Each structure stands twice: as C-alpha cells, then as structure tokens.
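Turn these sequences into a full structure, and let the hints guide you.
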Amino acid sequence: MFDSREVGLAGRVSAGTARTAGRRAAEVRELRELAGKVAPVVLAGEQVLPVDDALAPLLPGGGLRRGSVVAVDGPPGSGATSLLLRLVAGPSAAGSWVALVGMPSVGAVAAAEAGVDLSRLALVPAPGGHWPMVTAALLDAIDVVVVRPPTRFRAADARRLAARTRERGGVLVVVGNHPDGADVRLTATGSTWRGLGAGHGVLASRTVDVVATGRGAAARERRLAITL
Amino acid sequence: MSVSAPRTVVVWCPDWPIAAAGVDPGTPAAVLHANRVVACSAAARHEGVTRGLRRREAQARCPELVVLDDDPARDARAFEPVVAALDGVCPRIEIVRPGVCAFLARGPSRYFGGDAAVAEVTLERAAGAARPAACRVGIAEGRFAAGLAARNADAPAPWVAVAPGETRAFLAPFPVRVLDRPELADLLVRLGIRTLGDLSALPPAAVLARFGHDGELAWRLARGQEERPLAARTPPDDLALAAELDPPADRADRAAFVAKSLADELHAELGRRGLACTRIAIEAETEHGEHLVRLWRHDGALTAGAIAERVRWQLDGWLTATGATGASGRPTAGISLVRLVPDEVRPDDGRQLGFWGGSTLHDERAARALARVQGMIGLDGVCTAVVQGGRSPAERARLIPWGDAREPEASPDTPWPGQVPRPAPAIVHAEPLPCEVAAADGGSVRVTGRGGCDGAPAYLAIGEGGNGEVAEVVAWAGPWPVDERWWDPPEHRRRARFQLLTAGGVAHLAAVEGGRWWIEATYD
Numbered sequence: 003m004f005d006s007r008e009v010g011l012a013g014r015v016s017a018g019t020a021r022t023a024g025r026r027a028a029e030v031r032e033l034r035e036l037a038g039k040v041a042p043v044v045l046a047g048e049q050v051l052p053v054d055d056a057l058a059p060l061l062p063g064g065g066l067r068r069g070s071v072v073a074v075d076g077p078p079g080s081g082a083t084s085l086l087l088r089l090v091a092g093p094s095a096a097g098s099w100v101a102l103v104g105m106p107s108v109g110a111v112a113a114a115e116a117g118v119d120l121s122r123l124a125l126v127p128a129p130g131g132h133w134p135m136v137t138a139a140l141l142d143a144i145d146v147v148v149v150r151p152p153t154r155f156r157a158a159d160a161r162r163l164a165a166r167t168r169e170r171g172g173v174l175v176v177v178g179n180h181p182d183g184a185d186v187r188l189t190a191t192g193s194t195w196r197g198l199g200a201g202h203g204v205l206a207s208r209t210v211d212v213v214a215t216g217r218g219a220a221a222r223e224r225r226l227a228i229t230l
Numbered sequence: 033m034s035v036s037a038p039r040t041v042v043v044w045c046p047d048w049p050i051a052a053a054g055v056d057p058g059t060p061a062a063v064l065h066a067n068r069v070v071a072c073s074a075a076a077r078h079e080g081v082t083r084g085l086r087r088r089e090a091q092a093r094c095p096e097l098v099v100l101d102d103d104p105a106r107d108a109r110a111f112e113p114v115v116a117a118l119d120g121v122c123p124r125i126e127i128v129r130p131g132v133c134a135f136l137a138r139g140p141s142r143y144f145g146g147d148a149a150v151a152e153v154t155l156e157r158a159a160g161a162a163r164p165a166a167c168r169v170g171i172a173e174g175r176f177a178a179g180l181a182a183r184n185a186d187a188p189a190p191w192v193a194v195a196p197g198e199t200r201a202f203l204a205p206f207p208v209r210v211l212d213r214p215e216l217a218d219l220l221v222r223l224g225i226r227t228l229g230d231l232s233a234l235p236p237a238a239v240l241a242r243f244g245h246d247g248e249l250a251w252r253l254a255r256g257q258e259e260r261p262l263a264a265r266t267p268p269d270d271l272a273l274a275a276e277l278d279p280p281a282d283r284a285d286r287a288a289f290v291a292k293s294l295a296d297e298l299h300a301e302l303g304r305r306g307l308a309c310t311r312i313a314i315e316a317e318t319e320h321g322e323h324l325v326r327l328w329r330h331d332g333a334l335t336a337g338a339i340a341e342r343v344r345w346q347l348d349g350w351l352t353a354t355g356a357t358g359a360s361g362r363p364t365a366g367i368s369l370v371r372l373v374p375d376e377v378r379p380d381d382g383r384q385l386g387f388w389g390g391s392t393l394h395d396e397r398a399a400r401a402l403a404r405v406q407g408m409i410g411l412d413g414v415c416t417a418v419v420q421g422g423r424s425p426a427e428r429a430r431l432i433p434w435g436d437a438r439e440p441e442a443s444p445d446t447p448w449p450g451q452v453p454r455p456a457p458a459i460v461h462a463e464p465l466p467c468e469v470a471a472a473d474g475g476s477v478r479v480t481g482r483g484g485c486d487g488a489p490a491y492l493a494i495g496e497g498g499n500g501e502v503a504e505v506v507a508w509a510g511p512w513p514v515d516e517r518w519w520d521p522p523e524h525r526r527r528a529r530f531q532l533l534t535a536g537g538v539a540h541l542a543a544v545e546g547g548r549w550w551i552e553a554t555y556d
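Going down the list, the protein sequences come from chains A and B. Going by this note's numbering, 88 is the number at position 86 of the first sequence; the sequence numbering is gapless. Going by this note's numbering, 239 is the number at position 207 of the second sequence; the sequence numbering is gapless.
Rather than coming from a laboratory, the hints here were simulated on the basis of the structure. No experiment lies behind these values; they were computed from the predicted model shown. Hints are supplied without guarantee of correctness; some may be wrong.
To be verified - If we take Cβ atoms under 10 Å as the criterion, some of the chain B residues that face chain A in the derived model are:
#1 G160
#2 R397
#3 G537
Every residue gets a Cβ at the ideal spot worked out from N, C-alpha and C, and that includes glycine.
Structure follows, in structure tokens:
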C-alpha cells in the first residue's frame, strides 16, 4: 500500500514533470516566435540595393549588396559611364543617396535620363589629394559612393575604404582599376550603336557588352549584352 | 487685440539692389533673377520696365537697359554703412532686408524732441551714407504702416510721419494688394473688398473664419495693430550661443564658417524646444573690443542656412567698410567672437518628416555628411546638379554648390530649337577637346553659311591640330546649326553640331565653330 502510494505519487510526479516539460517547451516555442516577431528584422531585400532589371543577372543577389566594393571600367567610349549611371540609378530611384567623387565630366542630363534622382545626387568634382578622406566621410551617410581616383589608388587606401564600406553598410563603386580586387567587377568591352546612318538619322540606342567577374558568389564570369 | 503696434521708424532706400550695384539712379538698369526683373531704376521704370518682366520684354521696352545679376550678399554689404550711420540715432536697428531697416520711435523721439526731428536726423544720416541712392523715412504705428508711409513719401518731403492714432485712417485708402499677399488680395478684390479700410471694417471673427490666420494677420495690419503673431515671445537667455575664434578671423568667410556650425547648433536647440526663430541678433567682437550687433528678421522662420548667410553678409559689410576705422567704420583687428542671440521666437508649426518620399532622416544624415566634406575641401567643392533649358549638354546641366537653392537659370520646359536629341552623352568635357574632321579626300569638312556641309566626314583625329590618332568615321549626322544670342555681340555664338560614330564604336558630339572643330561630349 505504501509502495503503491509511493508508486502512485511517483507516477503523478513524473506525469507532472512531463506536463511541465511539455508546457515549458511550448512556452519556449512561443517565446521564440515572439522574439522572432519583435526582433529587428534584417530582410534580404534591405541587404541588397535594387538595380535595373537589365543589370540584375550580372550581380550576385541580383543587386548591389551593402558593404561590397564594385569596380566599373572599360576603354573610353565603350559605354562604361553609361553602365555606371544605369547601375546607380536603381538605388537612387529607390530613395538612396548617390555621390560621384572625382568625376567632373559626367553628364548630369545623362544621369537624369538614366533614372538617377538629381535631388539625391551629390557631386564632388575635384576632391584633389584628399579624395580618400572625402570618400570615407561620404560613406558615413551616403549609400552609394562612386569614386574615380584622381591620384594613384594605393592598396592601403583601398583596404581602408573597403573596411569603412563594410562597417557603414554602403556600396563603394570604383571607376577604373581597383588595386585590391573588388567584390564585383563590371567591364564594358564595347558597344554597338543603332539609328545613325551616313549623313542621316540620330544616335538612338545601343547595346553594351558587359563582362562581370569577381570574388566569391561573383567568381563565375558572366557576359551579357545590355541595351542602355 | 486692440492694442496698436508701437510707433516705428522705417528707413527705405528705393531700388536698393540697383544702388548697391553702383549704378547711377539716372541710368536705366534692372536686376534680374531667374530671367525676371526683381528691381529696376527710376529711369528704367520711366521707360516702362516693371518688376516681374522677362529679360527680353524689359530690353524690348528699354533697349539701353543695363542688366545686373541678383546678388543679395552685395546688397547686404552695401547696406551696412547705412545701418552703421543710423546706429547713432537708435541702437537696436532691425534689418528687414537689404534696403529696408526699422527701429522703434519712442526713445529717439523723446531724445530728439518729436517725430519730425527724428525723421530729419534719420534722413540726413541715412541719405549721407546711402548716397547717391535716395532715402525715404516713414513713421507710423507698426512696421507695415511705417513702410507704407516711407513709400508714400516723395521728393519735396522725403519723410512722412503719421500722427499718433491716425494710422488706421492713413491705411484705409490703400488697395489690398499692398499687403504683399497676392492670393489673398486677389480673393479679397473679387469679394469686393478693395481697400484696407474695407478690410479693417470687417468683424475679426468672420475674417478669421473665412480667411484663416493669414487673413487675420492682414486684418490686424490693416488696422495698424501689432503685426507679428501674438504667440511670438521673448526667448529665454540661455538660447544664445557664442563661439570664440582662435586665431581671430580677418576674413568674413572664415567667421561665417564657424557661424554655420553655431547656427546648426542653435537650430537644433530651438528644434528641441519646438521653437522657430523669426528675429535674431548677430553680435561680433574683435580682439580690440570693437563690437557690432545687428538684428535680422525674417517673415518665415530663419533656417540654419539663412542665419549663416546673414552672418556672412553682416561681417562682410563690416570688414570691408570704407572710411575711417574705429567706432562705426571698419574694425582694427580680426573677429574673435561671434554670438547668435535669438531675439524673437514663436512655436514651430513643425515640419512633418515624409513617410513616403519628402524629407527623411536619411536626407538629413546625407546633408550632414556633405556639409562635413564642404568643411574639408571648400564650400564650392560639393555640388548638386539640376537640369535646365539649353541646347548643348553642357548648357543643360547646372551645378549648384550644396546648400544653395536648386533652381535652374533657364526653364527646361520652354522649347529649345536646335537642342541635341536624346540620349544625352554620358561624358561632357569640361573643356571641349580640339579635333579635326576630314572628308574622304583628306580636306577639312566645312559647314556653309546656309547650314549645308561640303563633304561627308570620313576621318576624325582628336588632339590639337588633328595630330592625334586618326579614326575612321562610319556614321554621322548633322550639321545641326545653332545661332545663339545674335542680339548680344560679345555672347554671339554660331556653330553647327554633328554626331560622329567611329569604326571603334565610339560616338562623339562634335561642334564646328569658325572653321574649328571641337569634341563637346562623348557618348561613353
């Protein structure tokens, strides 16, 4: 009888423990759900700035990943500047600020036509020898900073700017060669114009051949002809 | 509500921007902003030039018109000696805008023995400093009425003093458009309320209900009552901010740069208390203890940028003042202290940050970063662009230093015959590159006077004298002749543009002018 009572009690206790454990597991699950709901969510979409649909296949993640360094280059007249303007037009249209450092000859009208919002475009045409400092200061608050180094781009500056870009969650676009290797490198290799004849017509549209290379997810070389 | 405004003296220099530019009042001249006349001289007015006219209309009415650019800094600088001359009449002078200043009449009137004496003294001192520009003085209850009185004063009696208590009667015959509220005035006239007398006869509650606060303010002005909103109050002392300059600044722009951060700080502090500043005292002190205080007022709220601008105007005027150094003239040492004292504040109606679009926190952060970069490389180093009217890609983009108003100089919506068609070139060369374009036979391609072309472009060589690498031209279009500003010989340009596509797939926008070829832009 004592035994049975003991057993009975033990049975009840164990049953109670099991019930408590079950309830606790449910509570933990609920709490975890709640934590998931109230925690600051970082959506994949916030980590990647949107770009024009035509350019999305060239970029890992289909956009400009925050914290990354992108290089854009190409021989003169190949369409590299137009490619650059189209690249930054996506974030600009989505509300980001864009700064162009050391690019005195970029056409503002072309930028507007590419879809860049000029009210959120800052130009620093002649930063001089201070350009790494200027670029770093701009990276503090501006999402997309485009820089064409007016003086030699030292590897130490490249590393420092890349670290700043990662820390602030911006995107650094370097026009021309990048000494330390960019995450993504877009090269315009040439363009084909349509609309212009011998003494008639007008430049209407063109196709730019772009090669994308890079590191990590972008390591596989992609080639694409884009109508700009 | 029925308290009448304190008696105020307003000194008004007619057509001040013209006088500030150093143009003789007898010469027909006009100051233009954004292609519209904002001020003109008496001689120009006599020829039919009025405010708001387009440049071309103004020049049609008066062909010998001297056209001047609008420059508020120049106006303010030139006005400083006038204010300095009046310092001896009354110490707290409020600059409404360059060309107009005001002060309270009570003290000086008792000291000099009556309004007439004050008006005489004021006129004598102001006219002496403002010469050759004319000066008018008006005394009445409130700044608005005194301003109208000054405007009403004319050559034989260049001052008008409205007798105490007579202000409402004085204002009654004026049309409602003198309120300087075009929309309200238009509405009032359509309702049959043509004069300030008609307006002031209305019951205040009805005015407030029908026309809102602005209407009620107009009603108060029409009655010669206190013009500022009743909510305006004197701010607590601890809002004043000062910055010491070490080493002392001998140039206004250096002091203004310090003042800019000071103004930002003041603005943030006012913002924390939910206040906006409508009148501010800017004080500057030099190493030798010379002291300059000016009151600046603004009908809206003074923004940080506007405060910094006024500091620059004031110090510029002081530091470059001509005449003897000392008491009221140029200081003898660099500026060592700048103080901003908000003199009149009102509750800020607020600015709602945009939920979708509009100004956001993000924009403010970007603005701060850009201001910091301006601190590193100079104010003109950071620009923002705006698309305006024009024919070439270079004309169509206007770079504006960051912080200035983003306004195009020429409207982009008006037709520009001869404009280069879309797409715009991505590279616009700051200095056009000299080049040479040759036909298949090797001779240079020329454009005839009738806009024709003698030979098809076949080769392009970029470089001075065409000594660069020669590229074959596979496609081209043009010539697109433009004959610009033929009415203005020094500015007259006649050129023809071409689009050239080379065998390498590079497209250029080239122009030929006076037989010489230039690459204006590249379609990179």
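Comparing the hints with the structure gives:
1. For G160 of chain B, the shortest C-beta to C-beta distance to chain A is roughly 46 Å, which exceeds 10 Å, and the interface hint is violated.
2. Restraint check, R397 of chain B versus chain A: the minimum CB separation of about 4 Å is within 10 Å; hint holds.
3. Given the 10 Å rule on beta carbons, the hint for G537 of chain B holds: about 5 Å separates it from the nearest Cβ of chain A.
In this structure, only the earlier hint numbered 1 is contradicted, and the remaining ones agree with it.
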